[in-house]
Amino acid sequence: MYSLPIALHIPDGFLSNGVSAVLWVVAIVIIAYGLRVANVSLTEDRVPLLGVLAAFIFAGQMLNFPVAGGTSGHFLGAALAAVLLGPWIACIVTAVVIAVQAIAFADGGITVLGANIVNMGALGALLAGFLMVAALRVLPKTRGAFLGTVAVVAWTAVMVGAIATALQLAISGTVPLGTVLPAMVGVHALIGIGEAVITVAAVSAVLASRPDLIAIGDPERYAAGAPALAGEGAR
Amino acid sequence: MTCVVHARGLRYRYPGHEEALRGIDLRVEHGERVALLGPNGAGKTTLMMHLNGLMIGDGELEVAGLRVAKDTLTALRARVGVVFQDPDDQLFMPTVREDVAFGPLNMGLEREAVQHRVADALSRVRMAHVVDRAPYQLSMGERRRVAIATVLAMDPTLLVLDEPSANLDPRARRELLEVLETIDRTMLVTTHDLPLAAELCERAVILAGGRIVGDGPCHEILADDELLAAHDLELPAGFDLSAVATRSRPAVGAQHGT
Amino acid sequence: MTCVVHARGLRYRYPGHEEALRGIDLRVEHGERVALLGPNGAGKTTLMMHLNGLMIGDGELEVAGLRVAKDTLTALRARVGVVFQDPDDQLFMPTVREDVAFGPLNMGLEREAVQHRVADALSRVRMAHVVDRAPYQLSMGERRRVAIATVLAMDPTLLVLDEPSANLDPRARRELLEVLETIDRTMLVTTHDLPLAAELCERAVILAGGRIVGDGPCHEILADDELLAAHDLELPAGFDLSAVATRSRPAVGAQHGT
Amino acid sequence: MSGLCSHALELTGLAGDPGSRVHRLDPRAKIVGLFSVTIIAVSTPLAHWPVYVCCVAVLATYAAAARVSPRAVWRRVRFILPLVLLVAVFVPFVRSGGDSWAFGPLTIHQAGLEVLGAVSAKALIGTVGAALLGATTTFPSVLRGLEAMRMPRLLVLIAAFMYRYLFVIVEEAGRMRAALVSRGYAPRNALQVGAMGRMASAMFLRTYSRGERVYHAMLARGYNGTMPQLHPLAFGRADAVFVAGVLAVTLSARIAGATA
Chain L
0 MYSLPIALHI PDGFLSNGVS AVLWVVAIVI IAYGLRVANV SLTEDRVPLL GVLAAFIFAG
60 QMLNFPVAGG TSGHFLGAAL AAVLLGPWIA CIVTAVVIAV QAIAFADGGI TVLGANIVNM
120 GALGALLAGF LMVAALRVLP KTRGAFLGTV AVVAWTAVMV GAIATALQLA ISGTVPLGTV
180 LPAMVGVHAL IGIGEAVITV AAVSAVLASR PDLIAIGDPE RYAAGAPALA GEGAR
Chain R
0 MTCVVHARGL RYRYPGHEEA LRGIDLRVEH GERVALLGPN GAGKTTLMMH LNGLMIGDGE
60 LEVAGLRVAK DTLTALRARV GVVFQDPDDQ LFMPTVREDV AFGPLNMGLE REAVQHRVAD
120 ALSRVRMAHV VDRAPYQLSM GERRRVAIAT VLAMDPTLLV LDEPSANLDP RARRELLEVL
180 ETIDRTMLVT THDLPLAAEL CERAVILAGG RIVGDGPCHE ILADDELLAA HDLELPAGFD
240 LSAVATRSRP AVGAQHGT
Chain G
0 MTCVVHARGL RYRYPGHEEA LRGIDLRVEH GERVALLGPN GAGKTTLMMH LNGLMIGDGE
60 LEVAGLRVAK DTLTALRARV GVVFQDPDDQ LFMPTVREDV AFGPLNMGLE REAVQHRVAD
120 ALSRVRMAHV VDRAPYQLSM GERRRVAIAT VLAMDPTLLV LDEPSANLDP RARRELLEVL
180 ETIDRTMLVT THDLPLAAEL CERAVILAGG RIVGDGPCHE ILADDELLAA HDLELPAGFD
240 LSAVATRSRP AVGAQHGT
Chain W
0 MSGLCSHALE LTGLAGDPGS RVHRLDPRAK IVGLFSVTII AVSTPLAHWP VYVCCVAVLA
60 TYAAAARVSP RAVWRRVRFI LPLVLLVAVF VPFVRSGGDS WAFGPLTIHQ AGLEVLGAVS
120 AKALIGTVGA ALLGATTTFP SVLRGLEAMR MPRLLVLIAA FMYRYLFVIV EEAGRMRAAL
180 VSRGYAPRNA LQVGAMGRMA SAMFLRTYSR GERVYHAMLA RGYNGTMPQL HPLAFGRADA
240 VFVAGVLAVT LSARIAGATA
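Chains as they are written, first to last, in numbering that gives the first Met the number 0: chain L, 0 to 234; chain R, 0 to 257; chain G, 0 to 257; chain W, 0 to 259.
Derived by calculation from the structure, the hints in this document are not laboratory data.
No false leads were mixed into what you were given.
Computed cross-link-like contacts, SDA-like style, restricted to lysine to any residue with a CA-CA straight-line distance of at most 20 Å:
| hint | chain 1 | residue 1 | chain 2 | residue 2 |
| --- | --- | --- | --- | --- |
| 1 | G | 69 | L | 65 |
| 2 | G | 69 | W | 185 |
| 3 | R | 69 | R | 59 |
| 4 | G | 69 | W | 184 |
| 5 | G | 69 | W | 187 |
| 6 | G | 69 | G | 57 |
| 7 | L | 140 | L | 213 |
| 8 | R | 69 | R | 8 |
| 9 | R | 69 | R | 13 |
| 10 | L | 140 | L | 203 |
| 11 | R | 69 | W | 225 |
| 12 | G | 69 | W | 177 |
| 13 | R | 69 | R | 53 |
| 14 | R | 69 | W | 224 |
| 15 | G | 69 | G | 54 |
Chain L on its own, in the form it takes in the complex:
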């Protein structure tokens, strides 16, 4: 059970000053835009819900599973968050999770917080979210197509995060790309499978019991903002 877990949290010192700074800017822009697009900054009604869902993502990351050679990966949840909450709210929620991990638990560096938010949250959430929306417009509206797409985007989200991390480490001069990229891609191709299996199982179960809670299920509603969270307002 206590095999070596592999995750993407970059610690302080692994990225160069320039790379860290650029990714901080990227993260801030994404979050600021996310706050506007998600249109939740106007009301605090849904805050408790977003807060507990952030705790859910955090707890979800406790799900360790065996990968290969005695290592284990853990669930990341960016794609699941994007499917359930829509990409922009998923960005905000995962960013809060990653920031709290860094500040309260010293997991992941402060100077590289921007990079971690982008790699582990925003990139995966946005990619998964918009790939889903695009795919759903094209694909037949069947359960199988939907879940198949979920599997692909969940795997892709993990891979893209891993590749981004590898590129950043290489550009920073910490490790050469030729070494870090194959290693990261290799391991995360397997972790991505776990991520995809968990995400599909989770989404199909929610689909069976509370389809109304799947934000991405209906691209038109999703485009209007944050459907799953826009339910009843304050009474």
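Following the hints, position chains R, G and W against chain L.
Using the frame of chain L, we list chains R, G and W on its own:
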């Protein structure tokens, strides 16, 4: 002075479901402690949610002198304190102090008055010593009492408690009961714990299928085996009702009126 | 035949905390039903977690004929069924059928044998009619019984139940008790519900501060007011122990040995 | 590259003497002070190693003044640092440049060693800095500080609710996991984790209804869309002195290093 709860023909239907309340007529007078009994799904929680306007049904409902409607909600919620079943739902702030202060602050009280209310409410549930702790550091029994304090701090006319003894060990249950007995408020207590009802309340109302099917002195209701059995209620085997002293009714301005 | 639980000097310390178990010596024979009583924080849950190797402490522990250690976990978990307090922690498959089949499938049984076990386990808890329902559609009492079925389907030697009557209304509690009485397994039941212990178990063990402080026939233990009071236990007010019939001990191969 | 996960819950809570001057500082002062140390260390090249020494000295002084023992610091970083170092230790073998020494099939490169040294020192300072913040400041007051520093209120509120319910939900997840394992669930590869997905969906649905119930409980106590605040923060002279002191020491070392 009007009575604290006055419902006439109260009905409510969850969208897409059967009616959960099918015409409730209920009066609760000032100072009464009423146990609200009934099987799961009888409508107890739905009725509770109506009392402070978390749900608004058809029919007439006056609580603490206010007609329950959208425009009275702010005033209503200051007068009706609801203690939910799971204290973790009720204690959502980082510390006990902030949690107990939440209601009074929303009422627009000054900081100093709020501090005073926090101290007072916590001491009434014998929890003054945990004021700076985080809710997750407390035992279930302590959390339950702090949850009651969060509501007492708003100085409500009516206290509504949902399953106050759920998940408590016998001692925590006993301590809770002692605390509740010292609180002189009109109380409506939803519970499956019939011995608790017998010890705390002088009146019991049985709800079943969204209707009131029994209403009377608690000891009489609980002694009516047929009535209980007809609604899936029963005292624990070996429980001797007559051995429980009927609590004397607290005399809190128990003036009856319309 | 060896006894079902045999602990000698069992100790466990949570990292960074005081010892939760401070030397437990306990024997449970085949066919016994033992109530494990004690205040919150006494170590009941910790002890329970040891019985199927969710935690592994110092000292000796043999359960269902296996020494509890990393290499016996798979076999051990097939022999020890743990029913957790909150059925929602245990049931999360889309249907009751899949939930009950989960354990047998993990044991590597054939599909046909699994189907058979599912039907059998559900009928033993009188829940055969919900096999195709989703767990969240069931009442708390039904979920609790399905949770027991998920474990019975693995045909365990020892059944461990954590607070089986928590959050049940009186009728659901009665039905649960009836079901449990018909199950002929060695049982260890953690509970705060002393009347339940009195009705179901012939033996009671009191745990306090990580040690066993009382062990004997259930009726004797529950009649010992001083012992109970010393460990924050108490029967509900008005509960008359003598009115509860002692259940006869089920004769399930109750051969005693080392 | 780190392994927080189920150990998360052990890492929280204050350490040291809660009445110390450090503990009583305004959270903004501690956030600015400690994060400045990290930023200065991280932005310094290895060649100016005395800056690292200076940063470590500041952190050590901070810990001593707060009476946070080295053991308490270790308890907070022990799940993070070893993994960081484990990854960093490969760098000398793969990062080429400068001299190199062969050890059988392996070759150690000087440039790689330099990167290892810099990365280890920076990660150590960053991790210990964050751990010291956590040891001397409750998370809710860190949040109050961040809010006073113009962090978007929505993010602060989400973080506050998240932190409050983290323990509840992580415990729920732990119990569900235990229930899975109890029924003989032991996935051997990434394809056998479907049950975890079921578990995740059950967690999501439970969490969602938790969110609704919490919201109801807030409404029931008069919540009108704005979180009330009980404690105003006060940035005093001690706070200013602290921040100025930390910056003076570390910045002057940094500038001295750069101009040397």
